[in-house]
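For reference, the chains in residue letters:
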Amino acid sequence: MMRSGNIPSDKLLAMYASLLKIRRVQLKIEEHYHENAMKTPVHLCLGQEAVSVGVCANLKTRDMIFSNHRSHGHYLAKGGDLKAMMAELYCKETGCAKGRGGSMHLIDKSVGHFGSSAIVGGGIPHAVGAAFAFKMRKEDLVAVTFFGDAASEQGVFYESMNWAALKKLPVIFVCENNHYSVCSHIDVRQANYDISMRARAFDIPSMRVDGMNLLEVCEKSQAAIEMARAGNGPYLLECVVQRWRAHAGAGDPQKEQYRKTEDMDESRRRDPLKDFTAYLLDHRAAGQDQLDVVDRQIDQEIEAAFRFARESPLPDPAGLEKYLYC
Amino acid sequence: MPWTKIQVEKQEPVFDASEGQNVRKLSYGEAIREALDQALERDPRVYVMGQGINDPGGMFGSTDGLYKKYGLERVFDTPLSEEGILGMAIGSAMAGLRPVSIHNRPDFLLMGMDQIVNHAAKWSYMFAGQVPIPLVIRACIGRGWGSAAQHSQALQSLFVHIPGLKVVMPSTAYDAKGLLITSIADNNPVLYFEQRWVYKHQGYVPEDVYSIPFGEGVIKREGTDVTIVAVSHMVIESLRAAEELEKKGISVEIIDPRSLKPLDDQLILKSVAKTGRLLVSDLSWKTGGFSAEVIATVVEKGFHFLKKAPVRVAFPDIPTPAGHVLEEAFYPGVEDIIEAVRKLMGK
Chain A
1 MMRSGNIPSD KLLAMYASLL KIRRVQLKIE EHYHENAMKT PVHLCLGQEA
51 VSVGVCANLK TRDMIFSNHR SHGHYLAKGG DLKAMMAELY CKETGCAKGR
101 GGSMHLIDKS VGHFGSSAIV GGGIPHAVGA AFAFKMRKED LVAVTFFGDA
151 ASEQGVFYES MNWAALKKLP VIFVCENNHY SVCSHIDVRQ ANYDISMRAR
201 AFDIPSMRVD GMNLLEVCEK SQAAIEMARA GNGPYLLECV VQRWRAHAGA
251 GDPQKEQYRK TEDMDESRRR DPLKDFTAYL LDHRAAGQDQ LDVVDRQIDQ
301 EIEAAFRFAR ESPLPDPAGL EKYLYC
Chain B
1 MPWTKIQVEK QEPVFDASEG QNVRKLSYGE AIREALDQAL ERDPRVYVMG
51 QGINDPGGMF GSTDGLYKKY GLERVFDTPL SEEGILGMAI GSAMAGLRPV
101 SIHNRPDFLL MGMDQIVNHA AKWSYMFAGQ VPIPLVIRAC IGRGWGSAAQ
151 HSQALQSLFV HIPGLKVVMP STAYDAKGLL ITSIADNNPV LYFEQRWVYK
201 HQGYVPEDVY SIPFGEGVIK REGTDVTIVA VSHMVIESLR AAEELEKKGI
251 SVEIIDPRSL KPLDDQLILK SVAKTGRLLV SDLSWKTGGF SAEVIATVVE
301 KGFHFLKKAP VRVAFPDIPT PAGHVLEEAF YPGVEDIIEA VRKLMGK
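Note that the protein sequences, when read in sequence, are chains A and B. Per the working numbering, the very first residue in the first sequence carries number 1; after that it's consecutive. Per the working numbering, the very first residue in the second sequence carries number 1; after that it's consecutive.
If you're looking for bench data, these hints aren't it; they were derived computationally from the structure. Quantities reported herein were computed from a predicted structural model and do not represent experimental measurements. Virtual Cβ for every residue (Gly too), placed ideally from N, Cα, C. Among the clues, some could well be false.
Here are some of the chain B residues that sit facing chain A, going by a computed Cβ distance under 10 Å [unchecked claim]:
id, residue
1, Ile85
2, Tyr125
3, Val131
4, His161
5, Ala309
6, Pro310
Chain A extracted, bound-state conformation:
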């Protein structure tokens, strides 16, 4: 099922660590969400982790990413600080946005993440603007926007592609197509399911890939990013994924009421972490002992981050009006 690639083993191991970290962080969030201490809507990307990891594995620190409401994977895959993220989910003063943003508005400028928008499609033109700045300054950087299938229904998606194509900007449009806009399936929303083909109207190269396959996402996005970095303009990468949980919150308590029958079939469920782990072991890219070390480190890091978040102070209400202007 997995294809073999020419990815060096240290990169493979780093991707494993990133994938595992995103998975475990989210399971941990889910585990504790019912305590009502994280008083912010969480949009878990369980099942979709391979897209963030595969794309960000090919980015430099100063490359910029533009995320959305389902923000955890992008932030962590780009190298965002876990403690600051967890503190933000607990709406603490030590959070990455000092408790002003919450789960949907993560930021870590030190890794090229300048803030995620929770307006569906809203971050797409920001990536185009960053790419415009890179080109104007003749910098060797790219911008990536992550968005969902519902964002492809917004006019701004097409406006952004048009401008990016016209100016040949180094921007990668990464669509994570999980087929659901909250509870509405794509078949009640879109006339043609193939989002990747819409780039053709702007002469933008594009591809539809299996977003549950980390190696495929990594290889295809690497090619797209290299092309953009070399000055060949934008690329649209549609990654078909499965959203394991509800639109927001823990679990998927109403799944019987909105999911397609085939999406309810557990035997069709794919797991990018399980598949990638098997690949690493089968191809001797990493040994079980190496993976165990990574596992332990990640668990410790997550424990420390949750502890930090819980023990951190809440924002002082006296600071309510701070930060309105820069």
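Position chain B relative to chain A; hints supplied.
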């Protein structure tokens, strides 16, 4: 920072009175053009864009020939995609540029409201001041020649309502240049509203780069009986009305706040403390508008100064009609101000 060492001016030394005086005069459009020119020259991060800005007309002269001087990389035409273009401007600001986005009419900004209200206005607060969005949005309010309901809207009140935005409305060439320099130098999103008819006016404009601080209004005319707070083109209408009223023995003080947000409420309160009577004319509809905000502020902070209930000279709450007879009936002007002031004075 190229913007920290510039001359700060607070009040135009001569207004309209420059007639016959030996000073350099520019039109409103030329003043804007000069501000853009100097900003582009001073700061390589500044760029200027908008649909039609490189047209032969140069956006009523306000962008004339700038692309020839600075190249199409920094002064360029855009597709008519307000949402996408404003979002692009915001993204470029995150990456360190200082965009000036020009829009023919505020009516078209409504297509870009998501990026203005949900994004530009929120980024500073939502991310605890980590990412400035130094974005200037210029738009020119239309009037006349049957511009009708979709090419004449003065929408400043919508933007004044939104925390995180700043809103300015220069009424003279002098203020147009100084406020545009301040807008470009500011680290926050600024809505800069022009009005088509103030483009007709010329006035003294210094050649140097100068800024006019936000939140500092000016007294355009001193008086003792009635305070008029007027905005943009209504400043000019009010000055004309004041001349007529003077002949009738009524002394009018005219305040141009210049920036609607932040607002110089102290200047207004000080004037009302003197006159006890307030008229507000904000070049917009009556209901829920900026004029209501000014009156509410005065009532909250200076109720005891008021001898009479404040009044608004505003657009009637209907869309702008096209036909010139209806158009004339729609827009309040000198006569409406005179009548309202006389009523305030009980005359």
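Now the hints, each set against the structure:
The interface hint given for B/Ile85 is met, as the beta carbon of that residue sits about 7 Å from the closest beta carbon of chain A, less than 10 Å. The criterion of a C-beta within 10 Å of any C-beta in chain A is met by B/Tyr125, whose closest approach is roughly 5 Å, and the hint holds. Annotation: interface hint on B/Val131 holds; nearest CB of chain A at approximately 5 Å, less than 10 Å. Taken as an interface hint, B/His161 does not check out: its beta carbon lies about 14 Å from the nearest beta carbon of chain A, beyond 10 Å.
Evaluation of the B/Ala309 hint against chain A yields a violated restraint, the C-beta minimum of about 32 Å exceeding 10 Å. At a threshold of 10 Å, the smallest CB-CB gap from B/Pro310 to chain A is about 28 Å, leaving the interface hint violated.
The structure shown violates the earlier hints numbered 4, 5, 6.
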